[in-house]
Amino acid sequence: MRHVVGIVLIAAFIFYVLSLVSGLFIGPDPEAVGPVGRQVLEQSTREAGAVNTVTSVVVFYRGFDTLGEVTVLFLSALGIAVFFRAGGESANRAGTSGPAGNTEECGAPGFILRTGARILYPFFFLFGIYIIVHGHLSPGGGFPGGVIIATGFFVAILTGDRFHLPEGLLTVLEGFAGLSFIGLGLAGLFSPAGSFLANILPLGSFGTIFSAGILPLLYAVVGVKVAAELSGAVGRIYLDPEPVEEQ
Amino acid sequence: MVGPVLSPILLILVPLSAAFLIVLLSSVLKQHGPVLAFLALAAEVVMAISIYPAAAAAPIEVVIAGVRAPVGINLIADPLSMLMVLVVVISALLVSLYSFSYIRDEQKSRYSALFLLLVTGAVGMLLTGDIFNLFVFFEILCISSYILVAYHRGGLGLEASIKYLILGSVGSLFILISIGMIYGALGTLNMAHIGANIDLLPEGTRLAAAAFFLVGLGVEAAVFPLNSWLPDAHASAPSSISAVLSGFVIEVALIVMIRVAGSVFQITQVFPVLMVVGVITLLIGEFAANRQPTLKRMLAYSSIGQIGLILFALSVGTPDASSGALLQVINHAAAKSVLFLVAGYYIMRTGSGRIEDYAGLGRKMPVASFLFVLAFLSLIGVPPLLGFFSKFSIITSALSAGTVPSLFMAGLVLVGTVVEVVYFIRVMQVLYSSRQQSVSIESGIPAGALVSILLFSLAFAAGAAILTPLTQAAGSAAAVLF
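Protein chains in written order, with the working numbering: chain A, 141 to 387; chain B, 317 to 798.
Some hints could be false.
What the hints assert, rightly or not - For lysine to aspartate or glutamate, the following DMTMM-like pairs were computed, each having C-alpha atoms within a straight-line distance of at most 25 Å:
1) B:K479 x B:E377
2) B:K346 x A:D301
3) B:K346 x B:D421
4) B:K479 x A:E307
5) B:K346 x B:E422
Just so you know, the hints here were simulated from the structure itself, not pulled from any lab data. A quick note: this is a predicted structure, and the numbers were derived from the prediction, not measured.
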């Protein structure tokens, strides 16, 4: 009974809120694009030089937000590193390696699965890089491309390949990519343009790989960062860290 | 502008790059991450101090990516945001000094990186002029707080962190809904631009969007009834983190909340409601603090009380009251930090969180305990400490507002103060009792931590001496608010 009352109350509240904002769920009407959206559509090819307007918005007009989003991802990976740190309380995790415990329950991965996965890795990598590099030309970019590269890494974990987490490499990539983003932005700040993330490179010829100034560079950095952080986040949960060499 | 100044965007970029650098160099730096963080925060304080005079003279607008607002994102450094940035970065610098000796496990480089990101989030929230960018920095602030609350990985910390995470995420979602409604209706995300066009919104949409926004930020600002996460989170976090969470994180959220309500949504008609909410928050916080057997929970509830007081003062809606509120923010940042930082060593030395176990500590750790008492007195508002002047100006300006409800509310604020006195005396009785400590205490507080506590104490102890410039700064900041 209480559940029913609760559901009715919640539904009533939602109905009330929606009745206040009748315009909210009406489909996108091209005439209704706000002043900012219209301005972006008009200016983006001239200012940002990218064929893909979505990329212009994500990396150029709202590049500062993207730096923040990448930071949120970085934070999450850092949080996972804090909670799943090597040694100490990790002893209660099943087996020596996380996925081994799971795979034994449902049968060890067969030869064909493992070999097939190994053949696939380079293609994941290649496809991910393609998506990142063409971010300013076609749908895609740093975020999806980075996820695709990380997916190759997940497949390796899921098929039960045993390897150590290349933690050193991942942290270097995470830090380096973050600093490169800021570095590219600062180059704009200290250039004659005098503004963080200003486009300091020539826009090139519209529609080719070498166009849109710093946008492809920024997106490549985002791609590296997303790939390294997602791999690190999942890897830290499932894999043993690299053995530390004693000197 | 007064001469060439540094770009305020560096205030966001320096801690952020330092956090990335700590992670990049983690194999080289090993346990020395905190040193890098300290240096970055020291640079941050120097920059903030050098930018402040120019921003106080005239607001500085920072254009990002060479695209002017409202199409691009901009930052606004004005007297209010820079005053709060100063509170944030100075507190953060002193707390990082304290952390050298307080945080000693093998993950302290990661702790420093998280701490720097928390500062990045707070500074970004204050400086940004774009409502979606505000959301991004809000997320950075929240997520780093969730992680830091559970940093010790104990059961209580994890429980508190998950509670905080769930409530905080719902709050973030509310903010996002509000931003979506505004963008859907007005097609812009720039706060000044929204503020200029707010009249185009139907009244219902405007109120609904404002309500979502206030509730979302209200969770982080610990406003009643959205604050049930706070006592657990602030009590089970490492004490250095409790100090920043209570010292500036909730205040930053509150100031931003009031600022958005006043200048973006322009819903000053709800301020009387906020005033009542503030007083309820104050009374609930103080009465609950009075009943706590553990010191850190008591301090956490007292933070709820203080946030209620600040909310009350801000929603009186006059420049005088708001300037009193900002003075109280400064006083609370300094005093509550001292209380939490000293409490951290009380707990470390006695191995207990309960107040009754601190018998005689006042003599065993004389300097720290003296500063602890002083901080408590400043929170209560005893002259000649800074807390007296801030509370006094809040009460007098509420009285001079002259409406019957504000008179009544001012009376209730005084009731809250009486409760504060009651639990203060309870703590003092134990600290300076002649009963012997069951555990022997070998050492007091390390020098670095003590210096940090001393410098915090200077802010409220000597605050009265520099009251004129402080009031001026708070006054010009309050002028931005209304």
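If any of the earlier hints don't hold here, list their numbers in rising order.
-> 1, 2 and 4
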